[in-house]
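**Student:** Numbering (the numbering used here), first residue to last: 274 to 1226.
If you are wondering where the hints come from, they were derived from the structure by calculation, not from laboratory data.
Among the hints, erroneous ones may be present.
The list that follows gives simulated cross-link-like pairs (lysine to any residue, SDA-like), each with its CA atoms no further than 25 Å apart [unchecked claim]:
#1 K334 to P315
#2 K902 to H939
#3 K1077 to K902
Quick caveat, the model's predicted, so the values are computed rather than measured.
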Amino acid sequence: MALKLYAGLMLDAQQAMFIAWGEELTFLYNDKYAPILGAKHPHALGLPFADVWSDIWEQIKPLVDSTMAGEASWHEDLLIPMRRNGYLEDAWFSFSYTPIRDENGRVAGMLCAATETTGKVLAQRQQLGERERLRQMFEQAPGLMALLREPSHTFELVNPAYQELMAGKDLIGKPVREALPELEGQGFFELLDNVYATGEPFIGEAVPVRMKGPQSGRMEERYFDFVYQPIKGTDGKTTGIFVEGFDVTEARASVEALKEESYALEVLNATAAKVAGYLDIDTLVQGVVDAGVELTGAQFGAFFYNRVDASGESYTLYTLSGAPAEAFSSYPLPRNTHVFAPTFNGEGVVRSDDILQDLRYGRNAPHKGMPEGHLPVRSYLAVPVRSRSGDVIGGLFFGHAETGVFTERAERLTVGLAAQAATAMDNAQLFEKAQHLNQTLEVQVAERTADRDRMWRLSTDIMLVARFDGSITAVNPAWMTVIGWREDELIGSNFFDLVHPEDLASTHAEAGRLAQGLTTLRFENRYRHKDGSYRWISWIAVPDDHFVHAVGRDVTNEKQAAEELRQAEDALHQVQKMETVGQLTGGVAHDFNNLLQVVTGNLDMLIRRLPEDELRLRRSAENAMAGAKRAATLTQRLLAFSRRQPLAPTPIQPNKLVAGMSELLHRTLGEIIELETVLASGLWRVEADANQLENAILNLAVNARDAMLDGGKLTIETANSHIDRLYAVKNAEVAPGQYVLISVSDTGTGMDEDTLQRVFEPFFTTKEVGKGTGLGLSMVYGFVKQSGGHVKVYSELGHGTTVKIYLPRLVGEEPDEEASQAQAIPDGEGTETILVCEDDPEVRSFSVEMLQELGYRVLDAADGPAALRIFEQQPDAVDLLFTDVVLPHGMTGAVLVEQARSIRPTLKVLFTTGYARNAIVHHGRLDAGVELITKPFSYAELAARVREILDRP
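Throw the hints in and build the complete structure from the sequences for me.
**Tutor:** And the structure:
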């Protein structure tokens, strides 16, 4: 009966209660108690009390024992660890334990009424700790802080960083002019007078200050970022000035030194832009270490955080690159070693070509060699990382298993990287503080505390308090600095009105998430500056019941830097893709041209030997020859695209070349397309392969014709041009200088942006299947690049296309032109001997037969060693060596020629190849004095080249 009575009272109660009854203290509870049980509900009903709370039984057993002994008790804000959602966490409760008796008066159980007070306890602790944390922030701030009492600019408060910079001067209670007379004549006293008089803040960046150095004690020039912020009373009058600053001397000096190397500056700027947006210290430092490994060529990199705690000296290994963390597991603490200590003590850069020869090495265990599991480091480079206040906050360490790896340049780069890492780490830590301040902003505004108001007004990030509909209730002064709007212009307005139209939808969606109670960790959109431009802002926002509290950072410069990096990566990927296709093309070309040589050579012989009356057979053979020549042309285009076709450049007058193509172009374009040439007077000469340049112009004309099916106009213009350094920086593979411009423009259909981006890709075409190979523009691109030039395409859908070819100007006197005369196919004299060296048996057989038909004595060899044996046996018998460039057994045609001429120095040579590689062609041009005929060649071409070389003195 007693249990029923108590159970009825418990179930009807509006407070959380439970009963534990009987020998096992069977557990019963009401609905109000269920949330306290969490995941244990409803399985806890009917279980022994000790089983329900087994995870905290040791803490509550004394209370249970005393209650079952008949003692009632009341406990307020008692800490009881609770397991919730699978995790043990601290919780506080106020509760009463009351013994309950059976009908015989014996204690048969206990009744507990409980109320959780965790929220109240945490709120009280937060309120008590807030002011202490603010005091610690002032004391431990890395920058210089001081509070001046007005109107005399008297020091009222000074933080330790400021005191240390002033070499321990007694500043408190003294006017600035009296305490710091060395600043006289530098304009700082006048700036303070102006801030006091106008009530407007002053912000300075990298301002030079002549002062006594904190280390040297001598007058020197240092640089500071600082702010003078007026503090106003309730009457609006300035009662004080808050001063905050950062010594940026070393960071500025490092960056200035790095400007001497533009590449290093670009890499460091890209790294800074990348890590500037990181809010997580671990991610930031990992990015810095990875960049350092790339810049210095190190195998291993690490960042150690310099820390001294209450237990003594210790360190934190933040991150490693190129090695497992256990590599340092058996090594002493870095701050306590002779090798690492100079870096942590801020003595400067430590660079060693061989750390094993360094006297500092081996003075700590392990004494000699490398311990098992430790990194195999010989070259060593270490740089301290200093905060803005000058403290060594850590060190960047890089190593390599080989000696003499790290140069002075690597040292300079690492010093600059360390400066940027320190700035980024300071910014990340300050941003974390700003987040914390923003989360408690509403409480601080209510309390009207001067410390929090100071942080609100001095932040360089914009801060915002707004309702969920977008109406602004409070903004900090940084809005004026960042986007030009004053506080009175923004209060009451709607922040959606400032958002870029393209970002409105995403901003509304993010505001909706905040209204649902979700936190915004990083959201970017564009806000309109008062001057009409837009700035990219990265937001962190936290909602409460009525307002959104947000902190925004201007990331416009970082976005621009990231976009420039993306464009550079895209350009690199395109170059790599083109190089891969080019390598594949060159490999295929050699074997394919050998096959074509057999086909075209035998067809050539067949056509010449067919009787004149065999019209049908002759027509079939000529059709086959035409197909083989088209295949050869396709192979040449592939080689031209891949920049692996050997060029024979000669001085060219572009105007004469274009004018000479007039009839061919008219025939190609047809009657419905008008051709106009605009040739500049006084046009410079170029040095290029004339045949390839004609093919390039013809390819562009054919593409233009296909884009003007209903007729139009094709214009070819020439001009002298100059590419400046700025244009060269923005366009890969272009050198500044003087160029000759050949421009081909049409009035055709044009191209959209997607097509324009792929226009030089091999096999890409917008034409129907069978109407084009997709190699025309690829060939043009390859030829121009191989000739040291540049190609630029301009096109707009519906408005035509312009392709501009830039070829380097040829400087020098113009030689007299000699008229060339066509000659008949020359035969041999019957007394001359030619040695043919060709590894392909069919090509070798054809070449031998062709030369014998021309009247020459012919010897043949399948490889270089066989050919050399002929020279050794008959050193004076061979008049001409006709050899393939690519030969087996590791002896190329070039090597064969070199060894043959050691036997016979006056030997004449004609090379042949389907793909020259780098044996006799370098930078896209034949080596000086080299004679080459490319496969597939015809009977007439071979006859002419052989006769020309043999007849040459």
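**Student:** Run every hint past the structure and note whether it holds.
**Tutor:** To see whether the hints hold, each was checked on the structure:
no., hint, verdict
1, K334 to P315, "holds (23 Å)"
2, K902 to H939, "holds (23 Å)"
3, K1077 to K902, "violated (29 Å)"
Violated hints amount to a single one, hint 3; each of the other numbered hints is respected by the structure.
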